[in-house]
Amino acid sequence: MKRNKVFGLAAAIAASTLLVSTLPASAASPDIRIGSIQPISGSGFAAYGVGLTSAAAFGVTLVQEAMTAAGVGGSCKMIAQEDSGADAPSIVTEAATKLIKSDKVNFIIGSLTSGASLAIGAITASASGVIVIASAASSPALTTFKDRDTLFRTYPSDLLQAVALVNAVSKAYGRTAWVTVGAINNSFGAGLAKAFKRAWIKNGGHIRGTVYWNAGAASYDSEAAALVKGKKRDAFVLIDYPDSFAKLAPALTRTKKWDPATTFMTEAFNSASAIKTVGAEFMNGIRGTSAKTNGTDPAAWKTAFTKAYPKNNPGTFVDGSGFDAAVLACLAGISAGSMTSRALAKGLRNVGGVNGGTAYSWNQLTAAVKDVAAGKPVTYNGVWGYTKFDKAGDPSGGAFEVWSINDGVISKDPTQDIKF
Amino acid sequence: MAEFVQLLFNGLVAGSIFGIAALGISLVYSVLRLVNFAAGDFLTLGAFTTFFLATSIHLPFIVAVLLSMLLGVVISLILEFLLWRKLRRTGAGLLALFLVATGVAFVLRQTISLIFGGNSQKFDIDQIKTFEFLGAQIAQAQLAVLCCASVAITFIALFIKKSTIGKNMRAYADNPSLASVSGINVDRVIIATWTISGAFGALAGVFQGTVQGQFTNGMGLDLFLSILAAVILGTIGDAYGALIGGFVLGVVMELSTWDALLGGIPSTYKPVVAFAVLVIVLLFKPEGIFGVKARKV
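Those sequence lines, one after another, are chains A and B.
Those letters in the first sequence? Residues 1140 to 1559, per this note's numbering, in order.
Those letters in the second sequence? Residues 931 to 1227, per this note's numbering, in order.
A hint or two may mislead.
As the list claims (entries may be wrong) - The following label-pair restraints were derived from C-beta to C-beta distances:
no., chain 1, residue 1, chain 2, residue 2, range
1, B, Q1070, A, P1453, 30 to 40 Å
2, A, T1315, B, S986, 27 to 37 Å
3, B, I1058, A, G1343, 31 to 41 Å
4, B, G1113, A, S1241, 40 to 50 Å
To be verified - Heads up, incomplete: computed chain A residues facing chain B, CB under 7 Å, no partners named:
no., residue
5, S1180
6, N1324
7, G1348
8, Y1351
9, N1353
10, D1360
11, S1361
12, P1389
13, T1392
14, K1396
15, D1552
16, P1553
Hint data in this document are derived by calculation from the structure and do not stem from the laboratory.
We put the CB at the ideal spot given by N, CA and C, even for glycine.
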């Protein structure tokens, strides 16, 4: 009798094991916990931070609805939304630690700036079972950062933006023009300045000089003087954030040797709030490049997003990237089978198109969830675009647009769009 | 020549702001032996209060500045009566005072954010108008700050030197025990110290906001290390030294980028130059520029 019981138990265990092994890994009903860190109250960044936070929450909601509709067990939840102030590293570090240790999240979406995203990456690299997806960080430093495959991003690297800037400047002033490069002294500014200079010289152009400045400097007059120093140049390429440029722009104007219409900048100024911060009188004629949405039906998505989030939705150009980051996180959690960092990273590549599979857009999430839950690879073609993460966790492609500011109004030139 | 004049002018403007802010820290240290780590946030308070009063309430700018200085004084005195006086009576040590001052700085900064929001602000002042002087572009707003700062510095220097309360402050700073038994009203000295510190901290914030054209709630924190360097350079506890230390620091930082000086250093290294100067001065004169070596008994 006792022997029979033992055999019965062994048979039951064997049968259960067999049954579990034939089911997709995700059938374990994953509970995926997402947290976000963005500069919600930070001066100059708040519009982007608020939009990205809402967009990520929207993405999580849509995947949860898709999971219910597809009959897939488990959940994907936005556990906490942290405010990084103005992306100060100390606040970001504190927020990331809280999300990992107290909220036990599996994915962190954020933060806005490259420096803050690197700070989070440094924490996820030494934690277990958590991945960060930066939704607006563009510095090439993210590519080479030793993050033990825990730092991903949906936003294209500045190595691509440098090429877009080179295109825009050479179209305006010719390939051999003389350019003065100025940048804020951080990973974003220094990284893009270096990438631009390399690409510009390779293109046949000339560099008149390079000037860096610190974010919290007591004055910006010597920086402005250094920028306009020397013989005449054809154009300026200035890489900065609105808060610091708001101090530099008056100093540049006072030199009487700077014309905003000869200046090219980057995505941080592609918003009404940035123009308000700096002052439209200092930005008349400034042109610039910024990454743009490259995905499926962004107009319909924007309508759906605005309907779902009538508040806390300033409508910045990068919102779709935050949405895609959240959707990818949820899909990867379903695909992963377990919540180790390695499995989650593998899951991200499995749903980001690295292993092929059916392509699904943001409005086909139910079908995407079904496939992922069945253990199939998929290619999520988001609002922002497809990711197809490379070994460094960077998206394989990206699209850029050229914008200009006239009388405080931003206009776009679609003829100069560039895709990689 | 034009570049030298430009950098010298920029340095004098920055130095005058450092000096005014450093004065309060130095006075508080000389009288109370407290390094006021919250001093930077009084600059922020001054700038944001002036912005609010001038922009939202539409008071004349000068009235807004005076009211901001008054608020700086009131908050300083409230902190003295509620906090510092009690801590002194309980015999709080240097570390305890340091931690409390740091806590006060955090509370002030967050309160400013809560009341005025996190966005950057700017005064309604023409930032562009310049005069040409020896080839340099002298900004009207900066010239106004330099003139006002010079008046304020002269006033406070004379006040400390000539007025009875000023003499009492110096006497108390030199020897608190002797000053107390000599009949000096210590409470009055302390109140005067906090009054000058609060008012001049707020004024320095208004000057900095005017010069930069735009300010955030991190302004005071950003400047605090440079101000502290000015205090130490001019001998901590010496009010005149703080003023001179501020000017020296401002001018050295700006002139360090001058082409004629071996091509000048990149402007991102200006803070490094400031602290290098501080280290060199302290190596040869550990008591600071105006310090006197303690006599051996």
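Violated hints - listed by number, lowest first: Per hint list: 2, 4, 7, 14, 15 and 16 violated.
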